[in-house]
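A.B. asks: One letter stands for each residue in the lines below.
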Amino acid sequence: MSQPPASPTTVAEPTAPGQPGPSPLAVRDERWQIRVRGLHKSFGVQHVLRGIDLDIERGRTNIIIGGSGQGKSVLMKHLMGLLRPDAGQIWVDGEDVVAFDDREMGRLRRKFGMVFQYAALFDSMNVVENIAFPLIERYKLSRDEIMERVRDLLRKLDLADVAGIEQKVPPELSGGQRKRVGLARALIDRPEILLYDEPTTGLDPVATKNVDEMIRRTSDEFGVTSVVISHDMASTFRIGDRISMLYNGTIVVNGTPEEALASRHPALREFVETSGLVAPEANGPA
Amino acid sequence: MSEADSADSAPNPSAVERRMRGVLDLLALPLRALFSYFGDHALMLGQALRGLGYRPFRLRLFLEQMNFIGVGSLWIVGLVGFFSGAVSAQQAITALRMFQQERFVGATVGISLAQELAPVFTGLMITARAGSGMATELGSMRITEQIDALTTFAVDPIQYLVTPRVIAATLIMPIMTMVFNVVGLIGAYLFAIYLENIDLGQFIEQFRFWTDPKDYIIGCSKAAVFGVTLSVAACYQGFNVRGGAKEVGLATTRAVVAGSVSILISDYFLIDAFHILWPGKS
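Protein chains in written order, with the working numbering: chain U, 1 to 286; chain R, 1001 to 1282.
Honestly, the hints are just simulated from the structure, not real lab data.
No experiment lies behind these values; they were computed from the predicted model shown.
Glycine included, each C-beta is placed from N, C-alpha and C at the ideal position.
Do not rely on the hints blindly, as some may be mistaken.
Part of the chain R face toward chain U, derived, beta carbon under 10 Å [stated by the list, open to error]: (1) P1056; (2) E1137; (3) E1145; (4) Q1146; (5) L1150; (6) V1155; (7) Y1160.
To list a few chain R residues with every Cβ distance to chain U over 12 Å, as calculated [what the hints assert, rightly or not]: (8) R1019; (9) G1022; (10) D1025; (11) S1036; (12) T1253; (13) L1270.
Here chain U stands alone, though its shape is the one from the complex (with noise of 0.2 Å):
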């Protein structure tokens, strides 16, 4: 049996460079909050993007799939402005976010929470301090109004009971509490997007269905648009309202949970079928 060319699920839009007048991305799009367009980027002779076309839709869990050193992390790392692309539009709310000089990059920075791998929890503060740190840095605000939201966080994301959290440091706190503080952190100062850097690497499967389920509670409660770099498959299929698979550096599909499933591309069958979620060479979940 021959297998159908592999392609996206959804087809891109037309690429806006070379394109006489404005883009047509270079507006606020009621859906599509980031719009990343023929993004490419390069360490050496080593070309990790090639050509990225991909949509993040608002208020939804995005899950970006794809294997060890395929450039996930890199991708992400664009998006909020760590790394500047080689070529290519990256758009968030209309704004095309390439050109901006570090000024309007901190103003973008401010709309975006990033939970790391490991948390980046700084070593040197305790939980508290932690949370609040971009509240400090940000605004001047008095330290009963800095502990109400603080505990607050603490609260929602079912840390307040755990005994003397509020002083402890990070290495006395265990992984899954690591990833709840540096969420935490994330979500103080409101940002309308989530970055999640394989938030379940390292927990066990307990911790992982719980970081599951924070992740999906706290797209729910406080409305963000998350967007989740994972090579988890029972994670993405649980959370995820939709797919994109980074693989040879470009995205060879996005779309819905289903869709996902359904697709015939070669890699994502691959990850599908190894993670035991669907029986080899069959189209529905297991």
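Since the structure of chain U is provided, determine the placement of chain R on it from the hints.
C.D. replies: Just chain R now, kept in the frame of chain U:
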């Protein structure tokens, strides 16, 4: 004439010329690396100083670094200072006794401590203790993405991490040098008076007569420059770590080596500079 013809007629470099170019390239390689090394450090220093120009001024971080570099190094600087003073006195007495001039030991030790021993030894001690600590801390922050996290909060990591360390090291080094001077003189005094039976009045009188504030100004100025070089070397190595724990260890080693070597090299040029500025005093 066709292009091919002109290419054919272009003079080919002779074997000697090619070899000369190869040798020049080979010689240029370390030179290029040296310029790149100093250029990168100068760039980081420039960025750190630029961080002073805008808010917030991060006084708390600055004081924390003063505490870490200064107060934390007090014991080691005092210990090394005491024995350096005592050993200097011992050496000076041995040499001066040949001419029956051991009464000059206070002046000899005082001047050598003020201008040379105190700033250089303090710099080396601070590099070993605080410079290595800075490189390790920043390197660990880099590999655990804490520096990336700062950037995501729109915080300039250079202004947050490097500026307080460089400024603190620059300001604390002269103070620590003066601590070294005082403790070193106590060591020299105890050794000379109680073990070598040097006359107390002569020791103090010769010290007061031959040393003057310029010696201490020279020493403290050098110490401030050493503070800049050691902190920039440490921050640069830590900030640019890539990889894992092994690279953090290597960066720490490089920070100590670079800091120590830069102190000794800059010491030579500073002596020359002060010799021109204050003839006869350096």
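A.B. asks: So, for every hint listed, does it hold in this structure?
C.D. replies: For each hint, the structure was consulted:
A hinted interface residue such as R:P1056 counts as satisfied when its beta carbon comes closer than 10 Å to some beta carbon of chain U; here the least separation is about 8 Å, so the hint holds. At its closest, the beta carbon of R:E1137 sits 8 Å from a beta carbon of chain U; the interface hint therefore holds under the 10 Å criterion. Taking 10 Å as the C-beta cut-off, the interface hint given for R:E1145 holds, the closest approach to chain U being about 4 Å. The beta carbon of R:Q1146 comes within 5 Å of a beta carbon in chain U, closer than 10 Å, and the hint placing it at the interface holds.
For R:L1150, the shortest C-beta to C-beta distance to chain U is roughly 8 Å, which falls under 10 Å, so the interface hint holds. The beta carbon of R:V1155 is positioned within 10 Å of a beta carbon in chain U (closest approach about 6 Å), and the interface hint is therefore held. The interface hint given for R:Y1160 holds, since its Cβ lies 9 Å from the closest Cβ of chain U, which is under the 10 Å cut-off. With a cut of 12 Å on Cβ distances, R:R1019 stays outside the contact zone with chain U, its closest approach being about 30 Å.
Remark: the non-interface label on R:G1022 is consistent with the geometry, its nearest Cβ contact in chain U lying 25 Å away (cut-off 12 Å). With a least beta-carbon separation of about 21 Å from chain U, R:D1025 lies farther than 12 Å from that chain, consistent with its non-interface assignment. Non-interface status of R:S1036 relative to chain U is upheld: no Cβ of that chain comes within 12 Å, the nearest being about 17 Å off. With a minimum CB-CB distance of about 22 Å to chain U, R:T1253 clears the 12 Å threshold, and the non-interface call stands.
Non-interface call for R:L1270 relative to chain U: holds, since the shortest CB-CB distance, roughly 34 Å, exceeds 12 Å.
Checked against the numbered hints above, the structure violates none of them.
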